[in-house]
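A.B. asks: With chain A held as given, fit chain B onto it using these hints.
Chains as they are written, first to last, in our numbering: chain A, 1 to 396; chain B, 397 to 680.
Do not take every clue at face value.
What the hints assert, rightly or not - Chain B residues, not near chain A, derived (Cβ > 12 Å throughout): (1) Ala401; (2) Ile452; (3) Leu525; (4) Pro569; (5) Phe603.
Unchecked claim - Pairs of lysine-lysine residues, derived as DSS-like cross-links and limited to a Cα-Cα distance of at most 27 Å, are as follows: (6) A:Lys33 - B:Lys508; (7) B:Lys408 - A:Lys33; (8) A:Lys196 - B:Lys408.
No lab work stands behind these hints: they were computed from the structure.
All residues carry an ideal CB built from backbone N, CA and C; glycine is no exception.
Chain by chain, the residues run as shown.
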Amino acid sequence: MDILYSIYEVLWFALIVLTGIALIEGYFYYHFKFYDRRWFFPVALIGFPLAAAALCRCLGLAADPVKPFLWFLASEALITLFFRHIVKGRNSLAYLLLAPAFIGLALLLVYPFIFEIYLSFHDLKLTTIMQWKNTGLLPFVGLRQYVNVFTTSPLSEVTFWALLGRTLWWTFINVFFHVTGGFALALLLNNHIRFKGFYRTLLVIPWAMPQVVAVLAMRGEFHSQYGFINIMLVKLAAAYPLLARLGVGPVQWLSNYPLTTCTLINIWLGIPFMMVVILGGLQSISSSYYDAADIDGASYLQKLRFITLPLIRPVLMPAVTLGTVWTFNNINVIYLVTGQSGGTERADILVSALYKAAFTYNRYSYSAAFAIVIFAILFFISVFYLKSFDAAKEER
Amino acid sequence: MNKEASAHRRKKTIKFLLVHLAIIAFVVICVYPLLRIFSVSIRPGDKLISTDLSLIPVGATFEAYVRLLKETLFLRWLWNSLLITVATSFIGVSLASTAAYAFSRFKFGGKKGGMILLLSTQMIPAGMLILPLFLMIMKLGLMNTYLGMIIAYSVSSLPFSIWILKGYYDTIPRSLEEAALVDGTSQLGAFYRIILPLSTPALSIAFLFNFTTAWNEYLVARVVLFSAKQYTWTLGLFELQGQYITQWGMFAAGSMLVTIPVLMVFLYSSKWLISGLTLGSVKG
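This is chain A alone, in the form it adopts within the complex (with noise of 0.2 Å):
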C-alpha cells in the first residue's frame, strides 16, 4: 500500500509538471504570436496576474493576494512591452524550447543563489527561522555576516584563514596525485599489452563504485584494529622487528590523522578519471610524430617532454579545471569520513564546515555569507585558469 502510495505521490508531481510546461508554453506561444493584435494588452494586463495571484493563494506561498497581484502586474506590464515592441515574435520556435528549462533553472538554481545573497544580509537563525516561516521577515544586519565569516569560527575552533588553507593544500595534493597517478597509469595502458580491456575495465572500478559505498568502505579500511592497513603494518612489524624498531606499526588514522586518512581515499578515488581522460589524449595521437623522433634519435624522456605533454595539453587542461573544482568544492569524503556527530574539525575544508555550520549548527544566515565568499574564492580561481588555458591556445 505503501508503495502505491509513493507511486501515486510521484505521478502526481509528474502531472504537474507537464501542467506547469503547458502553461510557461502557452503562456510565451500567446506573447511570440499575438503580439499585435488590439487584444494583446488588456487581456495579457488582465488575464496573467490574476491567474498567478490565485496560483500563489492556491499553493499557499502567500496569504494576501493583492500585493502579489500588483507584483505581476507590474512584471507582466514589462514583458507585454518588451514582447510588443522588441521581440516581435521572432525566434519563437526556439524560445519556445528553451523556455522550461531556463524556468527550471531560474527557479532551481539562480533564485536561489540570489535568496542565499538575501540571506547574507540578514539574521536567519534557529530563534528567528519560525518568524520567517511565518511573515517572510527577516532582520537586516548589512555586513555583519561577512565581519563574522572572517573574523569568527564557522564552527567550534577553526577559522576560515584555517581553513582556507587547508582547503588550498588538499586541492593542490589532491589534483597533483590524480594527474600524476592517472598520467602514470594511462603511458602503461597505452602500450600494445595483451588484457588492456580488461585492465582498464577493472581500474575503473573506484570511479563506477557509488561513492557513498567506496569512501563508507575505504573508512572500514583505515579501522584502528580491523582495517587492512593496520591489518598490514601490525604483520610487518610482527615479520620484521628492524621495521618495528624503527616506529612501523599500527596508526590511529581516524583520530590522529584524520585530513591525511580523507586524503588518501580521495586520491584512491580520483585516478581513475583522470587515466580514462588521458588514455583517451594519448590515442589521438598520431604515432608518425613518435616515428619521426625514433629516427632522430630521441629518448623515452624526450618524446615524454616535447611530444606527448604539448599534444595532450588540450585534453588535460579542462579535466585539471573540473578536477580542481570538484575537489575544492568535495563535501563528500571529508563528510562521510569524519562528519558524525562529535566528529573531528581537523579534516574540516571550507565547504564541509560550511555543510555543518549550516545544518549542524543552524547558523543559515552565516552559513549563507559563508557560501558567497567561497563562491567568490572559486570564481577568481576558474578565472585565473581560464586565462591561463587561452594563454596556452595563443601559445599554439
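C.D. replies: Just chain B now, kept in the frame of chain A:
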C-alpha cells in the same frame, strides 16, 4: 645477428612483463577494497569484526544478507531511491533535449549568453545551494517527501545534460531534417521523428549521468529526509556504519547489493560513457 635479435627480444619481454606487473599492482589497489566488502558480507556472525584477511572466510554464510532484508528497511530504501532518481532523470533529460536542440539548430539573441550561463552554473559549489534549497523546501512544506527530493535534484545535472546533447546534435547532418521539411513536416516534427531517434546514445548517456548523480547523492538527502521509512539507500547505509558501532555484516551486504547492479550498468555502458567523455573534452 641471432644473438643480438634474441637479446632484443628478451629485453622487450622483460619490458612488457614489468608493464603488466605495474598495472596489476594498480589493479589490486583499485579492486581489493571491493573484494574486502564482499568478504565481510559473507562472514559468519562471530567474525564480523576480524583481522582475518582471507576473501572466503571459514564458515562463510549469507546470513548478513538475510538479516539485512528482514531486519532493516533496505528494500524500502532502494525503492525510495529508485523512485526519486527515475523521476529526476526523466525530467532532466526531457528538459535538456529540447533546450539542446534550440542551441544546436537556431540562431537567436541571447544564445551566447545562454551558453555562458550554463557553463557558469557548473562553477557554483554544489554545497552552496543546499541551504537555500533546504529553506525553500521547508517553506513549501515538502520536508521528508519524495517531491522535496525531486525538486532539489531535478535541475542539478541539467546544464551538463544540455552540453552533452548539444554536442551530439551538432554531429547530426542538417540534410536529414531538410529532407523531412521538404516532405512537409514541421521543424518540431523533424525533431521528434528524426533527431530524437538518432540521439538514443546521447540521451542514454545524459539519462545515465542524471541517474548516477541523483542515485549516489547523500548530502541533500540528509537534510531533507529524516524518517527511516523515507530514507534513500545512501542514508540507510550511513546509518548502518556508525562511528562507534558498525553493523559490518549488514553494511557490507547492503554495499554489495547496491554496488553490483551499478557496476553491471557501468560495464554495459562503459563504451558510450567513455566516448561521451572524450567527445565532450575534445569539443571543450
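A.B. asks: Please go over all the hints and tell whether each is borne out by the structure.
C.D. replies: Structure-based check of all given hints:
no.: 1; hint: Ala401; result: 19 Å, holds
no.: 2; hint: Ile452; result: 16 Å, holds
no.: 3; hint: Leu525; result: 5 Å, violated
no.: 4; hint: Pro569; result: 20 Å, holds
no.: 5; hint: Phe603; result: 15 Å, holds
no.: 6; hint: A:Lys33 - B:Lys508; result: 24 Å, holds
no.: 7; hint: B:Lys408 - A:Lys33; result: 73 Å, violated
no.: 8; hint: A:Lys196 - B:Lys408; result: 17 Å, holds
Going down the numbered hints, you'll see the structure goes against 3, 7, while the others check out.
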